[in-house]
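Asks: Given next are the chains, with one letter for each unit.
There are 2 protein chains.
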Amino acid sequence: MSEAPRDIENLIEMMAKLPGLGPRSARRAVLHLIRKRALLLTPLADAMHQVAISARECLNCGNVGVTDICEICASEKRGNGQICVVEDVADLWAMERGKAFAGRYHVLGGTLSALDNVGPEDLRIPRLLDRVATEGVNEVILALNATVDGQTTAHYIAEQLEGTEVAVTSLAQGVPIGGELDYLDDGTISAALKARKSF
Amino acid sequence: MSEAPRDIENLIEMMAKLPGLGPRSARRAVLHLIRKRALLLTPLADAMHQVAISARECLNCGNVGVTDICEICASEKRGNGQICVVEDVADLWAMERGKAFAGRYHVLGGTLSALDNVGPEDLRIPRLLDRVATEGVNEVILALNATVDGQTTAHYIAEQLEGTEVAVTSLAQGVPIGGELDYLDDGTISAALKARKSF
Numbered sequence: 001m002s003e004a005p006r007d008i009e010n011l012i013e014m015m016a017k018l019p020g021l022g023p024r025s026a027r028r029a030v031l032h033l034i035r036k037r038a039l040l041l042t043p044l045a046d047a048m049h050q051v052a053i054s055a056r057e058c059l060n061c062g063n064v065g066v067t068d069i070c071e072i073c074a075s076e077k078r079g080n081g082q083i084c085v086v087e088d089v090a091d092l093w094a095m096e097r098g099k100a101f102a103g104r105y106h107v108l109g110g111t112l113s114a115l116d117n118v119g120p121e122d123l124r125i126p127r128l129l130d131r132v133a134t135e136g137v138n139e140v141i142l143a144l145n146a147t148v149d150g151q152t153t154a155h156y157i158a159e160q161l162e163g164t165e166v167a168v169t170s171l172a173q174g175v176p177i178g179g180e181l182d183y184l185d186d187g188t189i190s191a192a193l194k195a196r197k198s199f
Numbered sequence: 001m002s003e004a005p006r007d008i009e010n011l012i013e014m015m016a017k018l019p020g021l022g023p024r025s026a027r028r029a030v031l032h033l034i035r036k037r038a039l040l041l042t043p044l045a046d047a048m049h050q051v052a053i054s055a056r057e058c059l060n061c062g063n064v065g066v067t068d069i070c071e072i073c074a075s076e077k078r079g080n081g082q083i084c085v086v087e088d089v090a091d092l093w094a095m096e097r098g099k100a101f102a103g104r105y106h107v108l109g110g111t112l113s114a115l116d117n118v119g120p121e122d123l124r125i126p127r128l129l130d131r132v133a134t135e136g137v138n139e140v141i142l143a144l145n146a147t148v149d150g151q152t153t154a155h156y157i158a159e160q161l162e163g164t165e166v167a168v169t170s171l172a173q174g175v176p177i178g179g180e181l182d183y184l185d186d187g188t189i190s191a192a193l194k195a196r197k198s199f
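So the protein sequences, as listed, match chains A and B.
Every letter in the first sequence is one number past the one before it in the UniProt record's numbering, and letter 97, counting from 1, is 97.
Every letter in the second sequence is one number past the one before it in the UniProt record's numbering, and letter 198, counting from 1, is 198.
Bound conformation, chain A alone (with noise of 0.2 Å):
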C-alpha cells in the first residue's frame, strides 16, 4: 500500500486494526477524515487524547467510565444487594441500555478458556468473591454469553459460591421479543420448549 504518503499511509494501518474496520474501509474512513479535516479529523484527534487520559477502569467492577470508582458503583441507590456478572463493558452497557436492572455490574474482562490460558485470576473472579463477602450482596445474576466458554465460567463462579448464602441466578433463555422460530437455530427452540411456562 505505497500509493498513500507515508503519515497516511501509516494512519490507514493503524485505523485498519480496530474491530470492524479491515484495510479498505479504513482507506475510506481516512480518505473522508482527511476530506473535512478541519471539521472531523481535528475534533476527533482531540477527543480521542481527552479520553486517553481520563478514561480508567473503575477499581470495584472493571466498568470503563472517568473516575476511579465507577457511577454505578459510587451510587447509593444501585447498591440493592444484587450484583450482574458480565464478560465485557459492552455488555454492561447493553445491560444499561435495557434498563431493567437496578443494582451494581461485576466486569470480568473475558472468559476462563484453557485454550488461551485464561484462567480465574487472570479474570476479575478473586475480587467478584470479595465484593459478595464484603458489599452485602443476596443475588449473584450471571449474564455470561450463551457460548461454551461464558457458561463454563458461569458454572465456575457458581461453584465458587456455593455454600454461601448467596442466591445465583442467570439470564433466562428463549425465543427473543419478535424473533421468529424459523430463523431461530434448534438449541434456543429446545431450551425454550424445556422452558416453556403456562400462557
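Mixed in with the good hints, there may be bad ones.
For identical chains, the list gives no copy identity; a pair is met inside one copy or between any two copies.
Computed list of lysine to aspartate or glutamate pairs in EDC-like fashion (alpha-carbon distance at most 20 Å, straight line) [what the hints assert, rightly or not]: (1) K77 to E121; (2) K36 to D46; (3) K77 to E165; (4) K17 to E3; (5) K197 to D7; (6) K99 to E121; (7) K99 to E3; (8) K36 to E96; (9) K36 to D122.
It is worth saying that the hints were derived from the structure and are not from the lab.
Position chain B against the provided structure of chain A, taking the given hints into account.
Replies: Leaving out everything else, chain B in the frame of chain A:
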C-alpha cells in the same frame, strides 16, 4: 446512549459517523482502544493530528498527499501525455495498486448529479480542461465508475474534449479476472459479449 461517561460517549458518536462504522461497531472499537490506551489510543490520536497538519490536496490533480503538488504530478517520469480521470482519491490509489498506469491522474472529487445539484464547476472539470490545453496531453482515459452518474460525467467530459486533438478512451468493460459467469449481472455479460475479441 447515556451508559458511558460524556467524553467516551462523545468519541463513540464521532467514530460512529465514519463510513463503514455504526453505533455498535464504534462502541466496540472505542472499548478496544480504551483497553489498550497507551498502546493504541494515544498513538492513533497522534497519527490523526499529524495527518490533520500535513495532509493536503494536490493543487494540480486533487490527489491527497503531504505536498502542494503530489508526487505523481511532480514526477517527470509520469508526464507521458496520459491523464487518467477518476472520481475519487480511493480510485486513484486502486489504479496505483494495479501498477498498470504510468501517466498522471485527475481526481474529479465526485460525479455530476442533477439530483444533488452537482455541476461541472463543483468538480475539477474546468481544471481538467486547462490541463489538457497546457500540459501536452494526448490521451484522456476516463476511469469513472460504471454507475449512471459516473457514465453521465464521462459523456460530459468527452463532449467538452470534442474537437481537440486529444484521444478520449475509457476502461474496457467485461468479465473480471477470476469472475464466474453465474455470479455476474446481465449487464456485464452482455457488455462482455458485445466487446468479444478473437481468441
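Asks: As a check of your reading, is K99 near E3 (CA-CA no more than 20 Å) within one copy, between copies, both or neither?
Replies: This pair counts as between: shortest inter-copy Cα distance 10 Å, intra-copy 48 Å.
Asks: What label fits K99 with E121 when the C-alpha limit is 20 Å: within, between, both, or neither?
Replies: neither (31 Å within a copy, 52 Å between copies)
Asks: Pop the pair K36 and D46 into one bin, within, between, both or neither, using alpha-carbon distances up to 20 Å.
Replies: The answer is both: 15 Å in one copy and 17 Å across copies each meet 20 Å.
Asks: At most 20 Å between C-alpha atoms: does K197 with D7 qualify within a copy, between copies, both, or neither?
Replies: neither (61 Å within a copy, 44 Å between copies)
Asks: State whether the alpha carbon distance between K17 and E3 is at most 20 Å within one copy, between copies, both, or neither.
Replies: Result: close within a single copy only, 19 Å intra versus 26 Å inter.
Asks: Given identical chains, is K77 near E165, meaning Cα to Cα at most 20 Å, within a copy, between copies, both, or neither?
Replies: Intra 22 Å, inter 80 Å, cutoff 20 Å: neither.
Asks: For K36 and E96, with the copy left unspecified, which applies at a CA distance of at most 20 Å: within, between, both, or neither?
Replies: Neither: 34 Å inside a chain and 24 Å across chains, both beyond 20 Å.
Asks: Given a CA cutoff of 20 Å, do K36 and D122 count as a within-copy pair, a between-copy pair, both, or neither?
Replies: between (42 Å within a copy, 16 Å between copies)
Asks: What label fits K77 with E121 when the C-alpha limit is 20 Å: within, between, both, or neither?
Replies: neither (30 Å within a copy, 61 Å between copies)
Hint check: violations occur at hints 1, 3, 5, 6 and 8; the rest are consistent with the structure.
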